[in-house]
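Novice: Let the sequences and hints guide you as you build the complete structure.
Protein chains: 2
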Amino acid sequence: MVVIIDVFRATSTIAAALHNGAKYIVPVDTVPKAIQVSEHLGGIAAGERDGKIAEGLQHGNSPLEYPSDFIQDKILVLTTTNGTRLLQLALDQEADTIITGSFPNLSAVVSFLLKQKKNVVLGCAGWKDRFNLEDTLFAGAVIDRLQDDFTIHCDSSLTAHQLYQQMGADLLEHAPKFTHYHRLVERFGLIEDIRFCLTADLSPVLPLYQEGMLVRGAFKGGI
Amino acid sequence: MVVIIDVFRATSTIAAALHNGAKYIVPVDTVPKAIQVSEHLGGIAAGERDGKIAEGLQHGNSPLEYPSDFIQDKILVLTTTNGTRLLQLALDQEADTIITGSFPNLSAVVSFLLKQKKNVVLGCAGWKDRFNLEDTLFAGAVIDRLQDDFTIHCDSSLTAHQLYQQMGADLLEHAPKFTHYHRLVERFGLIEDIRFCLTADLSPVLPLYQEGMLVRGAFKGGI
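Same order as they appear, the protein sequences are chains A and B. All residue numbers for the first sequence refer to my numbering, where the first residue is 1 and numbers rise by one. All residue numbers for the second sequence refer to my numbering, where the first residue is 1 and numbers rise by one.
Any given hint might turn out to be false.
[Unchecked claim] When the alpha-carbon atoms are kept at most 27 Å apart in a straight line, the in silico BS3-like pairs for lysine-lysine are as follows:
no., chain 1, residue 1, chain 2, residue 2
1, A, K52, A, K33
2, B, K52, B, K33
3, A, K118, B, K177
4, B, K74, B, K33
5, B, K118, A, K177
6, B, K52, B, K74
7, A, K177, B, K117
8, A, K23, A, K52
9, B, K128, A, K128
10, B, K52, B, K23
11, B, K177, B, K128
12, A, K128, A, K52
13, B, K128, A, K118
14, B, K220, B, K23
15, A, K128, A, K177
16, B, K115, B, K220
17, B, K23, B, K115
18, A, K117, B, K220
19, B, K118, A, K128
20, B, K33, B, K23
21, B, K74, B, K220
If you're looking for bench data, these hints aren't it; they were derived computationally from the structure.
Specialist: Here it is in structure tokens:
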């Protein structure tokens, strides 16, 4: 089982859109594919490149762009870079279950993992092949809640947990240290996005990957 | 400038052997090359594979195998896997200065970096392409001492520093959590190696890469 984590902002946006009633979400890797698939399905094509809505699309990567009065019963075709590559990796490795996680759906992810009791890889998407703090902190938050029921098998999980113990009590206070914060807030003014992406359980939903789509999976406490 | 870090145990052994008087050290990537180069130079070929002295060699990767009454004025040809790959990466990227670091030569590394005042990449070798705690903690120790004079540019440095702040006061107490500790201590009984590799400044020396060799470089406090 693999949890795909891309806190700023793909997996936060996926949680928000699904929780706000999107029919399902199709993750794709390129802008042309987003346009093509959305036309085929009658969905909404969305995605950004370098912090701006990608050319040819009308909607971006912000979780705040998808309130229920806009996204309810619609299909969202979302193009992401880091997250989609990780999804492909999980598919190539024949992961039997793939879900996505971020702070807005932390408890749903934890509840699902506790119920399933399978080996879990917490897949941090990072940023352009580099380690980042926010994805690692989310992995640490999951480990913190699972530690009595699961065994940690690697130094990276231990580090993620230590980091979360140090910073988890007030993520917003620590956020200005993150490299990605500077890009999102100082360059693009997206402080509300940051707040949403770092706040636990605003979108209690379990995005489950099934045949090319992310759908609402069942978890204790909700569907 | 690149600091190559492979705490368990290549860069600890390099520090020990150079500090104990080795003429110089030649790092190579394969056992046959270690044998060939050592025969050519009249040196000592050393290296391990899977925790045992490699077939065809007489000496291993332990820093404790190289006291001065053995290694003084001799050439050590050391085959390592993770560390050598990182060295090659640094050479490919045309790093202008390459040194090696581990806890036994922590102060020498810090003093050299402070004097040089160049951009620094702290290159953690890891273990079979995976993140490990001990290399990251050494990077954190360096950052801890350089923080007033250098700017941190990435989330991984910030994490290394946070981790060191949490564990650095007593590394030996935290060592049993490291994945690598289990391999070295529980499988091979190398607790003395662990103690040496995690103790600061037992081998105050600055291993400097020059034309295929690691030689003693000058640093404030010693040569």
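Novice: Could you run down the list of hints and mark each one as holding or not?
Specialist: Checked hints:
Taking the CA atoms of K52 (chain A) and K33 (chain A), the gap is near 18 Å; set against the 27 Å cutoff, the hint holds. Restraint check for K52 (chain B) and K33 (chain B): the C-alpha separation of about 18 Å stays at or below 27 Å, so the hint holds. Distance restraint check for K118 (chain A) and K177 (chain B): the Cα-Cα separation of roughly 23 Å lies within the 27 Å cut-off, and the hinted pair is therefore satisfied. About 18 Å separates the Cα atoms of K74 (chain B) and K33 (chain B), which keeps this hinted pair within 27 Å; it holds.
With a CA separation close to 23 Å, the supplied pair K118 (chain B) and K177 (chain A) stays within the 27 Å bound. Only pairs whose Cα atoms come within 27 Å are accepted, and K52 (chain B) paired with K74 (chain B) is accepted, the gap being roughly 23 Å. Note on K177 (chain A) and K117 (chain B): the hinted pairing holds, with a Cα-Cα distance of about 23 Å set against a maximum of 27 Å. In summary, the hint linking K23 (chain A) to K52 (chain A) is supported, as the alpha carbons are separated by about 25 Å, within the 27 Å threshold.
This hinted pair checks out: K128 (chain B) and K128 (chain A) have alpha carbons roughly 21 Å apart, not beyond 27 Å. For the hint pairing K52 (chain B) with K23 (chain B), the CA-to-CA distance comes to about 25 Å; that is within 27 Å, so the pair holds. Distance hint between K177 (chain B) and K128 (chain B) is fulfilled; the C-alpha atoms sit about 18 Å from each other, no more than 27 Å. Distance hint between K128 (chain A) and K52 (chain A) is fulfilled; the C-alpha atoms sit about 17 Å from each other, no more than 27 Å.
For the suggested pair K128 (chain B) and K118 (chain A), the alpha carbons sit about 25 Å apart, so the restraint of at most 27 Å is met. A hinted pair counts as satisfied when its Cα atoms are at most 27 Å apart, and K220 (chain B) with K23 (chain B) qualifies at roughly 21 Å. A distance of roughly 18 Å separates the Cα atoms of K128 (chain A) and K177 (chain A); the hinted pair therefore holds under the 27 Å criterion. Taking the CA atoms of K115 (chain B) and K220 (chain B), the gap is about 8 Å. The hint holds against a cut of 27 Å.
Restraint check: the Cα-Cα separation between K23 (chain B) and K115 (chain B) comes to about 25 Å, which is no more than 27 Å; the hinted pair holds. Straight-line distance between C-alpha atoms of K117 (chain A) and K220 (chain B) comes to about 55 Å, which puts the hinted pair past the 27 Å bound. This hinted pair checks out: K118 (chain B) and K128 (chain A) have alpha carbons roughly 25 Å apart, not beyond 27 Å. With a CA separation close to 19 Å, the supplied pair K33 (chain B) and K23 (chain B) stays within the 27 Å bound.
With a CA separation close to 25 Å, the supplied pair K74 (chain B) and K220 (chain B) stays within the 27 Å bound.
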